[in-house]
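This is what each chain is made of:
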Amino acid sequence: MSEDAGNGRDIVFRVRDLCKDYRMGEVTVSALRGVTLDVAAGEFLVILGPSGSGKSTLLNIIGGLDAPTAGEVYFRDEVLTNYTDAQRTRYRRSRIGFVFQFYNLMPNLTAEENVALATEIADDPIAPIEALRLVGLEARRAHFPSQMSGGEQQRVAIARAVAKRPEILLCDEPTGALDFSTGKVVLEVLSDINVRLGTTLVVITHNAAIGGMGDRVVRMSDGHARDIVVNARRLTTDELEW
Amino acid sequence: MRVLHKKLLRALLKTPGQSLAVIMVVLCGTACYICIASAYRNLVLTRDTYYAQYRFADFEIYLERAPRTVAARLSAIPGARRVRGRIVKDVKVDVPGERESRIGRLISMPETPEPVLNDICLRRGRYFSEGAQNEVIVNERFALHNGLALGDRIDVSIESRRYPLRIVGLALSPEYVYMIRNVQELVPSFERFGILWVPEPFAETALDMREACNNIIGVVDEIAVLDGVLDRAEQTLESYGVFAKTKREDQISNRFLSDEIKGLGVSARIVPAIFQGIAALILLVLLNRMVRTERTQIGLLKAYGYTNLQVAVHYLQFALILAALGTVGAFGVGQWLAYEMVQIYVQFYQFPLLEARVYPDVLTRSVGIALGFAVLGALSAALRAARIHPAESMRPAAPRHAHRVWLERFTRVWRRLGFAGKMICRNISRNAFRAGISAFGVMVSAAILIVGFFTVDAFRYGLHMQFYEMQRHDLKVSFQLEQGKPTYYDVLRFAHVREAEPVLEYPFEMRNGWRKKDIIVTGLPRDARLQRLLDAEGAHVDVGEDGLSLDEHVARTLGVAVGDRVTLKPLMGRIKKEREVVVRRVYRQYLGIGAYMNIDALSRLLDEPFAMNAALLRTEKGRNADADVVLRDVAAIASIVSRDRAYQAVLDTIAQSMKVMNVMLVLFAGVIAFAVIYNVTSVSLAERQRELASLRVMGLTISEVGRILYVENFVLGGLGLIAGFPCGFALCRLLIRAYDSDLYRLPFHIEPRTLIVTTILTIAFILIANLAVNVKVRRLDLVEVLKERE
Chain W
1 MSEDAGNGRD
11 IVFRVRDLCK
21 DYRMGEVTVS
31 ALRGVTLDVA
41 AGEFLVILGP
51 SGSGKSTLLN
61 IIGGLDAPTA
71 GEVYFRDEVL
81 TNYTDAQRTR
91 YRRSRIGFVF
101 QFYNLMPNLT
111 AEENVALATE
121 IADDPIAPIE
131 ALRLVGLEAR
141 RAHFPSQMSG
151 GEQQRVAIAR
161 AVAKRPEILL
171 CDEPTGALDF
181 STGKVVLEVL
191 SDINVRLGTT
201 LVVITHNAAI
211 GGMGDRVVRM
221 SDGHARDIVV
231 NARRLTTDEL
241 EW
Chain E
1001 MRVLHKKLLR
1011 ALLKTPGQSL
1021 AVIMVVLCGT
1031 ACYICIASAY
1041 RNLVLTRDTY
1051 YAQYRFADFE
1061 IYLERAPRTV
1071 AARLSAIPGA
1081 RRVRGRIVKD
1091 VKVDVPGERE
1101 SRIGRLISMP
1111 ETPEPVLNDI
1121 CLRRGRYFSE
1131 GAQNEVIVNE
1141 RFALHNGLAL
1151 GDRIDVSIES
1161 RRYPLRIVGL
1171 ALSPEYVYMI
1181 RNVQELVPSF
1191 ERFGILWVPE
1201 PFAETALDMR
1211 EACNNIIGVV
1221 DEIAVLDGVL
1231 DRAEQTLESY
1241 GVFAKTKRED
1251 QISNRFLSDE
1261 IKGLGVSARI
1271 VPAIFQGIAA
1281 LILLVLLNRM
1291 VRTERTQIGL
1301 LKAYGYTNLQ
1311 VAVHYLQFAL
1321 ILAALGTVGA
1331 FGVGQWLAYE
1341 MVQIYVQFYQ
1351 FPLLEARVYP
1361 DVLTRSVGIA
1371 LGFAVLGALS
1381 AALRAARIHP
1391 AESMRPAAPR
1401 HAHRVWLERF
1411 TRVWRRLGFA
1421 GKMICRNISR
1431 NAFRAGISAF
1441 GVMVSAAILI
1451 VGFFTVDAFR
1461 YGLHMQFYEM
1471 QRHDLKVSFQ
1481 LEQGKPTYYD
1491 VLRFAHVREA
1501 EPVLEYPFEM
1511 RNGWRKKDII
1521 VTGLPRDARL
1531 QRLLDAEGAH
1541 VDVGEDGLSL
1551 DEHVARTLGV
1561 AVGDRVTLKP
1571 LMGRIKKERE
1581 VVVRRVYRQY
1591 LGIGAYMNID
1601 ALSRLLDEPF
1611 AMNAALLRTE
1621 KGRNADADVV
1631 LRDVAAIASI
1641 VSRDRAYQAV
1651 LDTIAQSMKV
1661 MNVMLVLFAG
1671 VIAFAVIYNV
1681 TSVSLAERQR
1691 ELASLRVMGL
1701 TISEVGRILY
1711 VENFVLGGLG
1721 LIAGFPCGFA
1731 LCRLLIRAYD
1741 SDLYRLPFHI
1751 EPRTLIVTTI
1761 LTIAFILIAN
1771 LAVNVKVRRL
1781 DLVEVLKERE
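Residue numbers (the numbering used here), protein chains in the order written: chain W, 1 to 242; chain E, 1001 to 1790.
These are calculated hints, taken from the structure and not from any lab test.
C-beta: ideal position from N, C-alpha, C; glycine also.
Just to be clear, a hint being listed does not mean it is correct.
With a straight-line Cα cutoff of 25 Å, these simulated SDA-like cross-link-like pairs (lysine to any residue) come out [stated by the list, open to error]: (1) E/1776 / W/91; (2) E/1569 / E/1512; (3) E/1577 / E/1236; (4) E/1776 / W/66; (5) E/1776 / W/84; (6) E/1776 / W/234; (7) E/1014 / W/91; (8) E/1006 / W/27; (9) E/1776 / E/1321; (10) E/1007 / W/66; (11) E/1014 / W/84; (12) E/1776 / W/85; (13) E/1247 / E/1049; (14) E/1014 / W/27; (15) E/1776 / W/233; (16) E/1007 / W/27; (17) E/1485 / E/1527; (18) E/1006 / W/85.
FRET-style restraints, in silico, Cβ to Cβ [stated by the list, open to error]: (19) W/138 / E/1412: 43 to 49 Å; (20) W/23 / E/1365: 32 to 38 Å; (21) W/224 / E/1310: 35 to 41 Å; (22) E/1701 / W/147: 27 to 33 Å; (23) W/122 / E/1336: 37 to 43 Å; (24) E/1784 / W/222: 43 to 49 Å; (25) E/1011 / W/224: 36 to 42 Å.
Start from the sequences, fold in the hints, and give me the full structure.
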């Protein structure tokens, strides 16, 4: 790809000719058909594409949840795709924060306890209450997920993901289950974390409007990364329209 | 319904482990039922036909000596159908080539075969030839265990005379299905005790009982009149000295056999119920979870027009299929167990024919029981499915609220718990019912283990108390006739005898008001060292100068306490006078029943200055057998019993069958604990797979995620184990009550080892279940699980 992650920043991920086939009975479905891509440290990368374009698969592989059929992913100097299961677990634990469309909070832990879930296994975590403050939910610390709105639950999920100070935050349709206004709050929180903590942020979405918030936008379809757009200026949430 | 059936089948295949666990539990329960119920049927049927075919008597009267014509008088009593007089006497038997003598029970039979009461079943050889005086028919096992064959010779010693007898036949008798000499022996010793059927003329001559008998057996028209007949018989026989009257139900062999059958009857009810109950509980958890997850599908089915009943039946079928599969497997396993059980019974009981049979109605009933419990377990889920409203079901179920648990009030403890601990606590409180079932399963499993091990502990302890704490002698010799003091000094002089004490045993009818009991009162010298009585605390109880020492069981059945008086009526002919005696002491014994007195006092009761008819001997170390050899040539001695050998014989026999039983129990307890924990955890895992998968995504390792489930299982298992102890103890006490009889009582004695082994096994069962769960945690597909909305 010509539009490199440039600006002289460190490269966190080098994705090279990444392919992923799923065998479903007698049919083989190709989710990724040779994706090449770099992700720079500290950038806000939006991966845009319709469902089935392979964006989630890409995210899962660079997040160490899944292994490719062919191609490599380099995490800094290491070949991520050669990692064993145990190494991938360690990698997720220390480097990566995940945020999903469905918040996946533990229903029987309070907001603060859900965040503590992450901080207890991290080396140099943010205090759970500080993480909640980061997403503006310190007042809801003692609430259970079932007592919170979808947007609030997603913010707890973000607080949980950032509390262990990951280098990279990977978000899979973080606003997919939310309405416009709560979605905007969540995006603002993510963008804020990217700026304030310098966390590399990769957001995948089918919502083209969100693309404007990122430093760069990768468009995906049919398992290919079609083009990369570098935004001259990151839009604020107030400027978003969908 | 074809498509629904397919759905059913796929649901079963989707949860193979859980389905298999349910099938296993049902299989165990059904196999147990088939095995126990078949054995029950088998024994009842075999016993009844055997008794009928060989005319087993309804009553037996032991007496000193009566003319044989008395039988005719007795059969004239209204209600008595047939009466036979015979001669029965225990004698010393020498088998050529064997150092130690055996005890033979001489029983007179007609010279020519007749359809008499208590007939013999000739297995090999022939009946006596006419006029032959030296022929004997012995019981099959005695011959077998002593290497005797037809034509071999044995020597019988009666009143200092030896009679060589030739074995012409091998036989069985309904009187000796369970062949022990007396209650104290508990288990058969085929080598050392045999039945010798001899022609009447020989018995009459050798025992000096011409035209006389000392044993009367009879049958009555119906059992209801038995007591009346026996009372009339006793009056008729008054002048002939009645020792004891025994009804069929108290006849030793029949008593042991009937107790076993009764025990089987009870087990056939309880054991399967435990398993099927557990299977029902597992199905309850499994199906309720299934209905919850398939809520939308159920609504859809109904929207398409399936009726509530069809939907309910669909879930019932799930349970029924599992139960049916378990039952089918159980047919094979159950019949095999039944076969093995019969093999054990063949060792203990002697029937002409005892073989494993298939009872179709037992099989039918076993299916009915298994399916019935399955329906019971599936019922609540089926009803829940029937009640689901199609429109409502399309909306997602209301989220279940998480709650704070009481532990959170102890803030300091709660803070230190960590997220895993918190999740476990909240999960247990959120699914209290399901958690309860896990703990319950472990409790049942632990209780089964405790009861199983307890029977061994109690038996060993009871035997040890009886044979080594109470009995301190090596040999007990019984004399043909009562002896005076000089015999005691004679005994002391025999080679290898280090110590001796005289004993006088005399049968009495002991009475307190309407309560009475036939019992042998044993006279011991004061400060007896070779036979001790011990109280409940294990303290020594001395026979003192006068008064009776009764064992607790006798005191309880007669309703007497220390200081009360009982009436003693001698059951041997010579003395008729009844005496009142004070109960001075109560002691405890576990085998048989007992009553003791000072030997001088007992002699005086019989109007003698001193009498003895047995002696207890302590031999020089390791010279037990040598002393036996010396003593067996003494004509006056009727029998010699070695304590070590008696103890070993009981232990060997019992230990063998207990080992088999315990292996089964451990297996069963394991299946129960495993099946319950594995299933409940699997359901919990399925319900929480999103939760657990997101923990994996966050970087928790498989074992860290698994630990949340495992620790929960150990917490619940621990609670179950703790509850299992008192539950097991309570069952032990029930068992003690059920087995409380004149034959033996089980002490409430549980070795610490039993508790330790139970704990270790329980932990092992939970561990195995956790390992099986671990496979599922490993298979958790992170990408798949997180992609879909629950």
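Verification of the hints:
no., hint, result
1, E/1776 / W/91, "holds (23 Å)"
2, E/1569 / E/1512, "holds (11 Å)"
3, E/1577 / E/1236, "holds (18 Å)"
4, E/1776 / W/66, "holds (18 Å)"
5, E/1776 / W/84, "holds (20 Å)"
6, E/1776 / W/234, "violated (45 Å)"
7, E/1014 / W/91, "violated (33 Å)"
8, E/1006 / W/27, "holds (24 Å)"
9, E/1776 / E/1321, "holds (24 Å)"
10, E/1007 / W/66, "violated (31 Å)"
11, E/1014 / W/84, "violated (29 Å)"
12, E/1776 / W/85, "holds (16 Å)"
13, E/1247 / E/1049, "holds (19 Å)"
14, E/1014 / W/27, "holds (22 Å)"
15, E/1776 / W/233, "violated (48 Å)"
16, E/1007 / W/27, "holds (23 Å)"
17, E/1485 / E/1527, "holds (18 Å)"
18, E/1006 / W/85, "violated (37 Å)"
19, W/138 / E/1412: 43 to 49 Å, "violated (23 Å)"
20, W/23 / E/1365: 32 to 38 Å, "violated (50 Å)"
21, W/224 / E/1310: 35 to 41 Å, "violated (49 Å)"
22, E/1701 / W/147: 27 to 33 Å, "holds (31 Å)"
23, W/122 / E/1336: 37 to 43 Å, "violated (58 Å)"
24, E/1784 / W/222: 43 to 49 Å, "violated (22 Å)"
25, E/1011 / W/224: 36 to 42 Å, "holds (40 Å)"
Hint check: violations occur at hints 6, 7, 10, 11, 15, 18, 19, 20, 21, 23 and 24; the rest are consistent with the structure.
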